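Novice: Protein chains in written order, with this note's numbering: chain A, 1115 to 1629; chain B, 1115 to 1629.
Worth double-checking, as some hints may not be accurate.
Same chains, same label: a pair holds when it works inside one copy or across any pair of copies.
What the hints assert, rightly or not - List time: in silico DSS-like cross-link candidates among lysine-lysine, alpha-carbon distance up to 25 Å: (1) 1494 x 1614; (2) 1183 x 1516; (3) 1378 x 1627.
The set of hints was computed from the structure by calculation and includes no laboratory data. What you are looking at is a predicted structure, and each value in this text was computed from that prediction instead of being measured.
Number of protein chains: 2
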Amino acid sequence: MKKFDHVTAEGILFTDFYQLTMAQLYFRNGIHERPAQFDHFFRNYPDYGMHQAGYCINAGLEWLLARMKETRFRDTDIQHLRNQTGRSGKRLFGDDFLDWLLKSCTFDGISMRSVPEGRVIHANCPLNTVQGPLAVAQILETPLLNYLNFQILIATKSARIKEAARGRPVIEFGMRRAQERGANAGARAALIGGADFSSNVGASCALGFPPRGTHAHSMVQTFMAMGEDELSAFRAYADLYPDDCLLLVDTVNTLESGIPNAIKVFEELKHRAHEPVGIRLDSGDLAYLSIQAAKMLNKAGFPDTVIVLSNQLDEIVIWQIISQIEEEASKYEVDPESLINRLIIGAGTRLITSHGYPALDGVYKMTALNVKGDWVPSIKISESASKIPSPGTKQVWRIYDKRGRATADLISTGDETLKNISSLVLHHPIEEGVFRVLNQDDISEIEPLLVQVMKDGDQVYKLPSIDEIRRRRKDDTDRLDPGVKRLISPHRYHVSLSQKLWDLKQEMVAKIKKE
Amino acid sequence: MKKFDHVTAEGILFTDFYQLTMAQLYFRNGIHERPAQFDHFFRNYPDYGMHQAGYCINAGLEWLLARMKETRFRDTDIQHLRNQTGRSGKRLFGDDFLDWLLKSCTFDGISMRSVPEGRVIHANCPLNTVQGPLAVAQILETPLLNYLNFQILIATKSARIKEAARGRPVIEFGMRRAQERGANAGARAALIGGADFSSNVGASCALGFPPRGTHAHSMVQTFMAMGEDELSAFRAYADLYPDDCLLLVDTVNTLESGIPNAIKVFEELKHRAHEPVGIRLDSGDLAYLSIQAAKMLNKAGFPDTVIVLSNQLDEIVIWQIISQIEEEASKYEVDPESLINRLIIGAGTRLITSHGYPALDGVYKMTALNVKGDWVPSIKISESASKIPSPGTKQVWRIYDKRGRATADLISTGDETLKNISSLVLHHPIEEGVFRVLNQDDISEIEPLLVQVMKDGDQVYKLPSIDEIRRRRKDDTDRLDPGVKRLISPHRYHVSLSQKLWDLKQEMVAKIKKE
Chain A
1115 MKKFDHVTAE GILFTDFYQL TMAQLYFRNG IHERPAQFDH FFRNYPDYGM HQAGYCINAG
1175 LEWLLARMKE TRFRDTDIQH LRNQTGRSGK RLFGDDFLDW LLKSCTFDGI SMRSVPEGRV
1235 IHANCPLNTV QGPLAVAQIL ETPLLNYLNF QILIATKSAR IKEAARGRPV IEFGMRRAQE
1295 RGANAGARAA LIGGADFSSN VGASCALGFP PRGTHAHSMV QTFMAMGEDE LSAFRAYADL
1355 YPDDCLLLVD TVNTLESGIP NAIKVFEELK HRAHEPVGIR LDSGDLAYLS IQAAKMLNKA
1415 GFPDTVIVLS NQLDEIVIWQ IISQIEEEAS KYEVDPESLI NRLIIGAGTR LITSHGYPAL
1475 DGVYKMTALN VKGDWVPSIK ISESASKIPS PGTKQVWRIY DKRGRATADL ISTGDETLKN
1535 ISSLVLHHPI EEGVFRVLNQ DDISEIEPLL VQVMKDGDQV YKLPSIDEIR RRRKDDTDRL
1595 DPGVKRLISP HRYHVSLSQK LWDLKQEMVA KIKKE
Chain B
1115 MKKFDHVTAE GILFTDFYQL TMAQLYFRNG IHERPAQFDH FFRNYPDYGM HQAGYCINAG
1175 LEWLLARMKE TRFRDTDIQH LRNQTGRSGK RLFGDDFLDW LLKSCTFDGI SMRSVPEGRV
1235 IHANCPLNTV QGPLAVAQIL ETPLLNYLNF QILIATKSAR IKEAARGRPV IEFGMRRAQE
1295 RGANAGARAA LIGGADFSSN VGASCALGFP PRGTHAHSMV QTFMAMGEDE LSAFRAYADL
1355 YPDDCLLLVD TVNTLESGIP NAIKVFEELK HRAHEPVGIR LDSGDLAYLS IQAAKMLNKA
1415 GFPDTVIVLS NQLDEIVIWQ IISQIEEEAS KYEVDPESLI NRLIIGAGTR LITSHGYPAL
1475 DGVYKMTALN VKGDWVPSIK ISESASKIPS PGTKQVWRIY DKRGRATADL ISTGDETLKN
1535 ISSLVLHHPI EEGVFRVLNQ DDISEIEPLL VQVMKDGDQV YKLPSIDEIR RRRKDDTDRL
1595 DPGVKRLISP HRYHVSLSQK LWDLKQEMVA KIKKE
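Start from the sequences, fold in the hints, and give me the full structure.
Specialist: Encoded structure:
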């Protein structure tokens, strides 16, 4: 049995087969090095079924850039391709093409403008524009979509969970239900989106985050299997981690055994001048149990201990639990706000799989070709007007209203500058004659979103740290209208075209239809 | 910006943080090397919403065994752990424990019995039993679940798609919507489950499969952007791949442009003594369009060309399309059976994400502890009887009826042998007094499913090739009752306990309840 060669599988051949057969076709037709521009964007916000996203969070760029820098065709890759045969038994790839792949097909000729990670992003806005040799840009399509679709998807889910948790700490717990090695990209995206910690040790350490966790039911069960009990398991844990004692209280019976035993151990810790951290609830009615737990902990003199909630949590369940606590807690003489302020959210499966919407529909479309040094817009006609990407080079501008809230993203042609204008026309992306005019007085800020990250293969962008990316996410979500952040049926954020881009697009569509 | 260290993130620290804090607790209490047994199983078949699985396909073992062999604590890993501090600012992990991790915490002491890959598997049957030092077996939990949950999930979805496609060729196309590096495990699992090819070049090559693909809309659009047309794009493709010419016909207009242009090119190929492969449909009403396409291709003298269908296909959509073809084709003078027999299925997003059910609920529970050389069953009590795992060492037996069909999986204690018995009691796993008796005459075969794969860290199992795994899957699904394979609301396959295991479990539960 030959060992699976992960290096090959994760290298330059991490792409779809047709990218290579098409690349050879471009090579054979002498157009493989013709500079082309592709735009990356997603068409729809995640729709999780009974709830929907009104925005997404950008993530994944740093890892994509690293991949572009590190992967290139090796002899082994070429050998694999040389072995591919068609129906006739003849080789599919010619030696001249393989030679070109080996020697010249690198991402060194790529230029790229991108929206930075952590930013709020919207449907149908270019997130990345890639310019480079046609065949190279084509081979890049699959890894680009693979990397960015997934991290954006998970960062978005994480941001929703963080919103639902009202900013309380969130820990990503999903590794055992994650998608094999995809767990690491998922953990990073969760941290970008809003999770404060991950239980994933390797990914956390590699990102410079402290990994976090509590303990499992299995610890209590192990003690029980050895003839001891829950209390002795808790004591052993408190002895070893006196300043980090967070106890999972639902292995035997939450209210009758777990919490009373935790309180006993907390009292012993207090006696030894240690401050207990709190408890975790992982089953049952988490709203009811957290109220009862708070009541018992308060009565015992531990009002500052935290209560970690976990068990199939997503934004909707969290929102429901917190709402119920708000309504019900005072009936049990527990102050709802104080209780909410001691909650910590453990989100696992439903975060790491983006439960309800497991894949973002990011696409990568050619929008310009370079002819003798000039970028000539190209367009793809579709029967559905919403599926026609805007042609040519572009910039995306975020418009902030007088309150400082983001009110629209405006896509312009690449040569427009929106600074110092007296009024701004925001054209509906599809419907003729529908537009909105903003006067200078209505606008507090206009900000370009696409920045140059690669120029002819050189990274010309200082990668922000993950903390900076996380701050960026927080700043951007803070500047979103609450309606856009609503978990269910959010308000549709405006994505508009500039008059110039609208005119260019209509002109090109009309010309093709006439032909 | 420090580069993300994938080696660390994918190494031995690819686990949950609490596994390490618990391991230190076991170390501190002197029980870290106490031999313990953990059983791995899943509790529920995937429920995709409007349809449900009645069986799963086992996958992922080979990669898990490779990981166990290859990963161990390195100095870098220990350094990461040494840097972890608690709330007090003091280090969380002691030097003695870290020293033990570095020197002694390897998977070399693990023994494992497993159900081979490719086998049909059922809910609540042990798929793997792991025996080894308590702390090591605990650290293994997360990667084991991560690897096996995901591959089983995708292999199962793939098997359902293959069933719905009535055994016609299936190509896995999902890479761009897959979960970053998880794409490779997903491609492997899809191939095990029933897909015949994958578009993922790296994973296919590493597995010794020929990657497959057609071409993208972008190829036609590129030609159009350069002032040429669909026909010239098709001609260029046919020139380069005369014996592998499969054309995507829906870029412009399927019936008015794509298929007529494809037929033109096919005629030119025929003239040059090449046999065209066929067409791909990626949008629109795939049932209607495939009938019209067949009609046009037949009329043009290409009745043997294939028709590849793609676009958000899953088992239910495929089943619907094929059913509609069966009902409708003859109205257009197309023979339904011949048409179905020329279909090829391209399954992407919904295969690689297991659409509707993105995570298998596999768990890993302690079921025995070794006391002075003897395995003593241990049990975990739960308020829900279905959540109490069967205690002790075990074997799983598949019982085949007189027709040679699998009729039940029977879980016995590890020391039972079911060969040469005159009758067999199959006890309901939860309900008292509910059982089924099978006489020798009712049974054609009794087959043990768990085989020894690792003994004290040595692999004692010859890993089957992926072709052998695929054959195994086919043999097993062929021996399943059609009711169990039904896509919607399948018949519940019997998973039973032997009388001896039932008695042991009841006795242990009663004893604990008395305490």
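Novice: When Cα atoms must be at most 25 Å apart, do residue 1494 and residue 1614 count as within-copy, between-copy, both, or neither?
Specialist: within (18 Å within a copy, 69 Å between copies)
Novice: How would you classify residue 1378 and residue 1627 at a CA-CA limit of 25 Å: within, between, both, or neither?
Specialist: between (79 Å within a copy, 24 Å between copies)
Novice: Which holds for residue 1183 with residue 1516 at a C-alpha limit of 25 Å: within a copy, between copies, both or neither?
Specialist: Neither. Shortest intra-copy (42 Å) and inter-copy (61 Å) distances fail the 25 Å Cα cut-off.
Violated hints amount to a single one, hint 2; each of the other numbered hints is respected by the structure.
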